[in-house]
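Protein chains: 2
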Amino acid sequence: MKKEERNVYIDNIDVGKAKELYFKKIYRNIDWEEVDTVDALGRITYEAVYAKKSSPHYNAAAMDGILVKSKDMVGVTESTPKILEEGKDYKYINTGNPIEPPFDAVIMIEEVINLDDGKIKIIKSAYPWQHIRPIGEDIVATEMIIPSKHKIRPIDLGALVCGGIEKVRVYKKPNIGIVPTGSEIVEDINTVDVGKISDSNSLVFEGLIKEYGGVPKRYRPVKDDYDILKREILKCSEENDIILINAGSSAGTKDFTVKIIKEIGEVVVHGIALKPGKPTILGIINNKPIIGIPGYPVSSYLVFETFVKPIIYKYTGQEEEKEEIEQAIISKRIVSSFKNKELVRVNLGVVKDRLIATPLTGGAGVTMSLVKADGIVTIPRNTEGVEGGETVDVKLLKPISKIKDTLVSIGSHDLIMDVISDMTKLSSGHVGSMGGILAMKRGECHIAPIHLLDIETGEYNISYVKKYFPNEKMAIIKGVKRIQGFIVNKGNPHNIKDFNDLIKDNITFINRQKGSGTRILLDYNLKKLNINPDRIKGYDREMNTHMAVSMAVKTGGADAALGVLSSAKALDLDFVEVTYEEYDFLTSFEYLHDKKIMNFIDVIKSQEFKSKIKELGGYEISNIGEVISL
Amino acid sequence: MKKEERNVYIDNIDVGKAKELYFKKIYRNIDWEEVDTVDALGRITYEAVYAKKSSPHYNAAAMDGILVKSKDMVGVTESTPKILEEGKDYKYINTGNPIEPPFDAVIMIEEVINLDDGKIKIIKSAYPWQHIRPIGEDIVATEMIIPSKHKIRPIDLGALVCGGIEKVRVYKKPNIGIVPTGSEIVEDINTVDVGKISDSNSLVFEGLIKEYGGVPKRYRPVKDDYDILKREILKCSEENDIILINAGSSAGTKDFTVKIIKEIGEVVVHGIALKPGKPTILGIINNKPIIGIPGYPVSSYLVFETFVKPIIYKYTGQEEEKEEIEQAIISKRIVSSFKNKELVRVNLGVVKDRLIATPLTGGAGVTMSLVKADGIVTIPRNTEGVEGGETVDVKLLKPISKIKDTLVSIGSHDLIMDVISDMTKLSSGHVGSMGGILAMKRGECHIAPIHLLDIETGEYNISYVKKYFPNEKMAIIKGVKRIQGFIVNKGNPHNIKDFNDLIKDNITFINRQKGSGTRILLDYNLKKLNINPDRIKGYDREMNTHMAVSMAVKTGGADAALGVLSSAKALDLDFVEVTYEEYDFLTSFEYLHDKKIMNFIDVIKSQEFKSKIKELGGYEISNIGEVISL
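In order, the protein sequence lines correspond to chains A and B.
So for the first sequence, this note's numbering puts the first residue at -8; every next one is plus one.
So for the second sequence, this note's numbering puts the first residue at -8; every next one is plus one.
Just so you know, the hints here were simulated from the structure itself, not pulled from any lab data.
Hints are supplied without guarantee of correctness; some may be wrong.
It does not matter which identical chain is meant; a pair holds if it fits inside one copy or across any two.
As the list claims (entries may be wrong) - Okay, derived cross-link-like pairs now, BS3-like style, lysine-lysine, Cα gap no bigger than 25 Å in a straight line:
1) Lys253 <-> Lys226
2) Lys140 <-> Lys10
3) Lys416 <-> Lys140
4) Lys142 <-> Lys389
5) Lys416 <-> Lys393
6) Lys60 <-> Lys457
7) Lys386 <-> Lys300
8) Lys305 <-> Lys603
Construct the entire structure; sequences and hints are all you get.
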């Protein structure tokens, strides 16, 4: 297929301008409906609701007690008590019962002294309307109960009912059709073959639409066929108020969406100066908004939030919540293209009273960067990004109080960090051991998990800390000894048992980058065994993560790698144990009295944690939680 | 019925202590269930979810373009381009398609120069794995996707599906039965006779239970009969995990709830040192919590929030949100009983950079005080309340940003305040004209609606402002001229036409309190007409609101009152027009440039507002929005 047949030319319109252009064309179909008050929870009022009845709608007793005539009670005191006769002078009354003339006051039951024959003694006067709820005390007919554009809360339901409101006029929920496209997309999440992707975006859209007050309808994935897709879009636009087409919005061979919208409707905008999210289409079909949303999960989520959410809010009469913005110090340089507004997902933590934003790694395909994000930093257009250490505005995705309570860990990754973060509030960034040491040095984390072998002494971690923090009082919290080993194909076809096997002729190795703990471990062992690295085929091919080397083994690029058990397990590979290494937590001495660190130590010393670690396998935890001051 | 047969003796236990006592007895039935991932939105994870599959689960193209062998592309530049042949050297590939060996790099379609015969030219090198999403780039199998006790968000659904999770273990939603009791309670909200109350509390509970993650079941109201109620409670406790009995928890004649719980279960606590909410019952039946909730709407809501919400949260694995607490200056004295913790509903507003909390009037029966509340002030036990001007902690019910945007009005009430508050953010407190002037003097409001007649000059408002603000620069924003008139029974049976009719022998009048605008108006007119007030029967009987005097007319205590049209309408009474009065808005001169005031003036000058006022009837608005500086 030729270049001409692809949609390579798309615009680069500013987000604000695109919204303005588009939104003024589409806001016309705002609609209301009448619902029973009992079904109105969470709906948005289309108009103010004024009470039809007063509440109480009759004069009612406000207390349990007796009903009397106040004029009988004038001047009554302890020394001049009054004896009353039932039926004639008083009647028993319960809270809520109506006041019957000529009675006009209630005396609390606690103040009634019982005598014989239905007679009682009272030793206190009673004023007119005492303990009586007059008509309209709560709600006066004609009074406004709730204003328009108000989301009906449980307590409002009570007031509406008391005000005699049987039905409420509310904004109609827009029906929103979701059409996933692409021959690679499958609906079933269980049977996903190679080359197929499960339709996770539709599920995310469905959830967001529900939360924002629309009625979602998911359509089955449509394969890459112009006519089929056109038919499906037409059908969807007949059945819905808003149409979302997922993927097919960029410049791929089979990206028909924009052509179809052009044919049967209008493309208002194609291409936004937003990253991720550039190939968005904002169109109109049958006077209804149709939005072409890019396929990558992060793009699709952010484009939904940027364009679809405001449309749903407008259709449902909701005001957008004010964004919670805080100033944070960005821990890493972010390079941004001059051309686009860029949305960067970040982890947040408060370290030494500074709010630190650490960009989450991963492109538009990394859903987990959204799952883990505490905030979003916007890099505006016409800037080249921000330098590490600069102050940026960050939109919070969690309450600041939760962020303040979170222990920030930056350093080497191990599966146990997941287990810990399930047991306490932990944000865990993974940049390797040396990356952790540097983050600690810059004051960006509370703890740094490290596993750095001193090849002179064979000792772990301590010499590195002394070297990098010569003038600071630091501490090491002992973690786990974890098994490192050879990651090999299922069944270990080359029978790799130890480092000496790596120099065999038929073995291709794949290495980790210099400075990583695992690389240091390899070099230390090779030196100890007097193995010349040059004799290992693939020694010079470096990859940055345990997973990356495991994958090279899995996909046939290499026969062996050195790494941790979990990455072998993740790809269903075999694992040959080689040696234990010490995976500890570096912290600053002054943090040892921080509640978050104390809690962290409690967690890793707990029986619950230890038994979870035992289940994982591959760890030795005899001195976990011990503190070494340095 | 005798005193002995009532539940007059109840405890007065501290809220915290009651919770401790009770909660440790009831937390045992926490349960989980497995739901399909597609149905898991909003559910709370019972355990951490670890990925079963990696995502992507194969190496996939990250761009639309062509698939090449990176080794072919070494050294390619603009001056040393490379010609590639389709099928042999390259293949077209779309985003998401699998990488097939020996190909190992993707070149973006934008960088492909088309030649003839399926040949293309490339002028840039390609590195291995360029534009390829490796297995596990997003999610690595075994990695934690979301922790336990996590409320599943839309984005989590996407990650779960990508991680191969078909089913999620979540906290089971507790079934919660709501049993309304009391012969006066009716389910139907349409046919509510005198002495009957519609079952609004159950509806509020139902809404709260849904919002907090339980499954509510409303039972029909049960009349005051020991055996019927007992049968219903037993049935409800078999069908539910938590049982709520509404009302019947205090000391009324027919309050059987506590006796029944004692008979068939255990009463742990009866009587809490909480106001409102004192007669709460915390009990256990069939090992299940049963809570007896007082009947007044405000009590029932606050008791639900205090005791039932934490139980639902515990059952569903949710952590209670951190309360948003701000310091505010209380505008009025609050008297509190030494014995009880007291929860006071307040309006909040920021005036001159101070957060002002104004207590909402009304007892436990006033639902509207909750509907209108911006916050709750807690007065602890063992204090006698707080003085006006003191600083108090207030729990916010709205975001502080919204409170900052709200125009605070304190003064005389008129229906037009409701109309305005539907068109702009307005909090409106009603304490009469003089109350408004004093609130303005204390810096507690931005505007004060007043209608004060100078009986010397016949002029409205201005002389009062000059008198009370001799040294301050103030302004009056002209409001409406509103009709005042006689409120009389339907059909005006005594044919009252003017002030002279008030002295007729068969007429009983009901008056407003001294200092109220309406009283001043009456006295001014009587003086002008040389009518001696002593000749008017009932002149000395004073009531504090328009509604109160209207009600006296309605219920036969009086034949006529002076007041506004709306209060006559509210009670379906007749109204005889007498004279117009000027209802204006006092503000400080310096506020005139405040955005909130400018917006307020825009609103009252708008055509939309004017046409709404016309619909209400009884107003003259020729100079509305004009500003007079004083």
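Hint by hint, here is what the structure shows:
no.: 1; hint: Lys253 <-> Lys226; result: within (16 Å within a copy, 62 Å between copies)
no.: 2; hint: Lys140 <-> Lys10; result: within (22 Å within a copy, 37 Å between copies)
no.: 3; hint: Lys416 <-> Lys140; result: between (37 Å within a copy, 12 Å between copies)
no.: 4; hint: Lys142 <-> Lys389; result: both (22 Å within a copy, 13 Å between copies)
no.: 5; hint: Lys416 <-> Lys393; result: within (8 Å within a copy, 30 Å between copies)
no.: 6; hint: Lys60 <-> Lys457; result: neither (89 Å within a copy, 46 Å between copies)
no.: 7; hint: Lys386 <-> Lys300; result: within (16 Å within a copy, 30 Å between copies)
no.: 8; hint: Lys305 <-> Lys603; result: between (48 Å within a copy, 23 Å between copies)
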